[in-house]
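Q: Given the coordinates of chain A, assemble chains B and C onto it according to the supplied hints.
If you read the sequences in order, they're chains A, B and C. For the record, in the first sequence the residue sitting at position 7 is 7 according to this note's numbering, with numbers rising by one throughout. For the record, in the second sequence the residue sitting at position 55 is 55 according to this note's numbering, with numbers rising by one throughout. For the record, in the third sequence the residue sitting at position 141 is 141 according to this note's numbering, with numbers rising by one throughout.
No lab work stands behind these hints: they were computed from the structure. A hint or two may mislead.
Each computed DSBU-like pair below joins lysine-lysine, with the alpha-carbon atoms no more than 35 Å apart [to be verified]: (1) Lys360(B) to Lys99(C); (2) Lys240(C) to Lys115(A); (3) Lys277(B) to Lys73(C); (4) Lys136(A) to Lys133(C); (5) Lys97(A) to Lys305(C); (6) Lys155(A) to Lys73(C); (7) Lys133(C) to Lys177(C).
Not close to chain B: a few residues of chain C, all C-beta gaps over 12 Å, as computed [as the list claims (entries may be wrong)]: (8) Ser3; (9) Arg76; (10) Thr93; (11) Ala117; (12) Gly183; (13) Glu194; (14) Glu218; (15) Lys249; (16) Lys277; (17) Tyr289; (18) Ser290; (19) Ala291; (20) Glu294; (21) Arg304.
A quick note: this is a predicted structure, and the numbers were derived from the prediction, not measured. Ideal Cβ placement from N, Cα and C applies to all residues, glycine included.
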Amino acid sequence: MSEENIIEVKNLVKKFGNFTANDNLNFSVRKSEIFGFLGANGAGKTTAIKILCGLLLPTSGEVNVAGFDAFKQRNMIKKNIGYMSQGFSLYEDLTVKENIEFYAGIYGVKRSVIKTRLNELVEKLHIHELKDEFVKDLPLGWKQKIAFSVAIFHKPQVVFLDEPTSGVDPITRRQFWDLIYEAVDDGITAFITTHYMDEAEYCDRISIMVDGKIDAMGTPTELKRLYNAQNMDDVFVKLARKQEII
Amino acid sequence: MNRFLAFLTKEFLHIFRDVRTMMILFLIPVFQILIFGYVIKNEVRDAKVGVLDFSGDVMTAQIVSKLDAANDIEIVDYYKNYSEIESAFKANKIKAAIVFEPNFAATFVKEREANLQIILDASDPNLANLLNSYISAISANYANEQKASQAVINVSIEPRMLYNENLVSAYMFVPGTMALILMVITALMSSISIVREKEIGTMEILLVSPLKPIQIILGKLAPYAILSIVNAISIIIIGNFVFGVPILGSPIVLLILSFIFILMALSLGLLISNIAKTQQVAMFISMFGLLLPTMLLSGFIFPIENMPVALQYFSYIVPAKYFLIALKSVMLKGLGFAFIWKELLVLLGMTSLFIGISVKKFKIRLD
Amino acid sequence: MDSSIVINNLIKSYGSLRALDNLNLRVENGGFYGLVGPDGAGKTSLMRIITSLLLPDDGYIRVAGLDPVKDYKKLRLKLGYMPGRFSLYQDLTVEENLKFFASVFGTTIKENYNLIAPVYSQIEPFKNRRAGKLSGGMKQKLALSCALVHKPEILILDEPTTGVDAVSRREFWDMLKDIRSKGITILVSTPYMEEAVLCDTISLMFDGKIIDSGTPNEITSHFKEPIFVVKTDFVRSLLKIIREMPCLKSVNSFGQTLHVVLNSDDCGAKDVSEFIKSKCSFDFQIEPYSAGIEDCFINHIISRKK
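One chain only, chain A, in its complex shape (with noise of 0.2 Å):
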């Protein structure tokens, strides 16, 4: 991990109308660095999220993902950055390699390089007889699985990850994290967001948001000491009992 910093944000503030969904939030995520972005829902993680990868104008404030600025280069940024949520973003009807092929096009990626990257994916995955099934006959670990690494396949700097494993299995969710910290090995950034309190651990630093606000932020370590608690889960919940909102 070094110290150089790939996402900075100064004093972010976002407003709707009369609502503010981001109230001045201040945090840096280092470069290879798996960052937990936590809160309930609604608490604004969705608004932050966006404004980081380009989607929406911050209302104020200094953000800089990947170096650049979140105000006057956003199409640097969406250049910079990969994204996988929930709802993935495969194609169904595509097959696993037309959905590569396709979306490293669309970033760019020579197509020499998709070829020698296609065969090292094959490889490391053993999907050889997956690659040319249609993505909607694969079992959906396997979705999530290739929806993250076609989220990584430009070699991004950073990857954005919305709660990417939701309702997977207990096996396939591990192995979906192997691939998180296989990635931050060759030097991608993860920002990434769960329910699941147990892979809030998982990350090396974590921020949790409360009603537009950056709460706490540290080590799952240095959280669980300062709260006094066992595990995330009861960081997160002393911490939300602490506000008692609706």
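A: Leaving out everything else, chains B and C in the frame of chain A:
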């Protein structure tokens, strides 16, 4: 009954809360009828017509001035030969030209028949068709006025225009638009509202509830039946006040006819909702399966008798065709049930067919 | 005690896919039963068959003493059902939604207010707000109120806590316990293993089969292999190292710890400890551990695959 009322209340809340639904239900029909009415009317009103008069007698002059006096036709120029007409067409100066044969009046008096040629710019077939009818009808009128009862001016007269004595185009477009609006909006909105429940998952709960399928169906359709009746009445009123389309027949017959057509559209909507799993699919089917045939194959825009034979046969299964025939009979000819029972019967038959299929296909379960 | 739900040898296929493969299930009257498993395990299909929304291919099934295939009309009166996605009318207010579902079942909010009060009172201050404007946790409470408002005998909840944050999830389970104490039988499904222990009886489902059933304690007592927990600050590194160990059945990360399952009683904590020390010099502690539901689930899948 309480259950059913609760259902109805909920449906009306959905409708009145959604600005888009309200717009589609009420604003769009009004705009559509105004736009259709005015656009079409203006197009015909401004139609420029040229004259090539080889005869130059009193009679031809009178016919020309009669044409000029008609709202929809403007006599713009007189020509000396056919090539001048041709260049006028090419320069897009005129949409039609009238050619009187030499010694028109003399021939008319002697033979009780005279020839008048109409040359039309067929690049706009609708307008050409209309102008043909107008000019023919006005000339025929003139001939009749001459009290020469057997006299015929030798042009074909479209029977379609026979009852439309003032030759106002809105007469054709108000009933057509009414058919279009009732058909598409009623079927579209009702099918979408059912499919929406499938999409958000509430259909699962409704099915598991003690509501009977028939209550769910009626509860979904009834509000749209009521709103469509309101729509039908407002279209007739706009047609009457804004475009002067008469209501010669009994208003009761008109309402019953409209109601039957609305029932037919609702049953189609129900059928669509059975097939479609998403709102987009329902919309797609309504647009292409209903909008296009209603516009193109019902006799609304293109006369059925001018269509290729295959399409003429196809028009028999377009419900709007029967509605249009019956509607025009009632509104424009003042005819009653005795003359439209066949069309009513066809519409009712279609309705029961669609309902039959839908009720049979309506799933009390999910698979 | 009567059984609320009895299922024997239930089979359901979609084309060539076996969604439910010879299932047996018994939910006692007044019971609090959990179906635990990932997406695609068959939980939703099973619940839909129980609620009479799907027809089974084969097998015996009785719900509240009724056959969901033949007596679905009578049965539907006795069930409260909350499908997987939040099924509410977003454009209606909280109160309108509840009123609607009450009158659909021929009752009123007043009549069963006591039953829904623990849930509904929390959202009642917002009763004039549109359902679409509620937060996730509040929507969930409203959906539960709607499923309860007709005082069903059996409450069936399909993944009510999926995608909901940890706090709201905890609150939701508290409410379920409360409802259960009023004599309503509950059948609930969840993909979160840690929620399983909150039920009386559970079935672990995977790939259309029930892989184990019983009280959470019974299920964890079925875990026979030696299992240890390794605590360390170097989870990722140790995970890779332990994977290479002989006589290892599986090693899985659980937060900042590793659960190590061994093949036989011949191996023990000492072997693990020595193996790690022979490969690296990271600090760690190893202790005996009693398996949780998630350990059991993983172990079943691994055994099956082998």
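Q: Now tell me if each hint is right for this structure.
A: Against the structure, the hints:
{"no.": "1", "hint": "Lys360(B) to Lys99(C)", "result": "holds (31 Å)"}
{"no.": "2", "hint": "Lys240(C) to Lys115(A)", "result": "holds (29 Å)"}
{"no.": "3", "hint": "Lys277(B) to Lys73(C)", "result": "holds (25 Å)"}
{"no.": "4", "hint": "Lys136(A) to Lys133(C)", "result": "holds (33 Å)"}
{"no.": "5", "hint": "Lys97(A) to Lys305(C)", "result": "holds (27 Å)"}
{"no.": "6", "hint": "Lys155(A) to Lys73(C)", "result": "violated (57 Å)"}
{"no.": "7", "hint": "Lys133(C) to Lys177(C)", "result": "holds (27 Å)"}
{"no.": "8", "hint": "Ser3", "result": "holds (21 Å)"}
{"no.": "9", "hint": "Arg76", "result": "violated (5 Å)"}
{"no.": "10", "hint": "Thr93", "result": "violated (9 Å)"}
{"no.": "11", "hint": "Ala117", "result": "holds (21 Å)"}
{"no.": "12", "hint": "Gly183", "result": "holds (21 Å)"}
{"no.": "13", "hint": "Glu194", "result": "holds (26 Å)"}
{"no.": "14", "hint": "Glu218", "result": "holds (32 Å)"}
{"no.": "15", "hint": "Lys249", "result": "holds (40 Å)"}
{"no.": "16", "hint": "Lys277", "result": "holds (55 Å)"}
{"no.": "17", "hint": "Tyr289", "result": "holds (41 Å)"}
{"no.": "18", "hint": "Ser290", "result": "holds (40 Å)"}
{"no.": "19", "hint": "Ala291", "result": "holds (36 Å)"}
{"no.": "20", "hint": "Glu294", "result": "holds (29 Å)"}
{"no.": "21", "hint": "Arg304", "result": "holds (28 Å)"}
Hints 6, 9, 10 from the list above are not met by this structure, while the remaining hints are.
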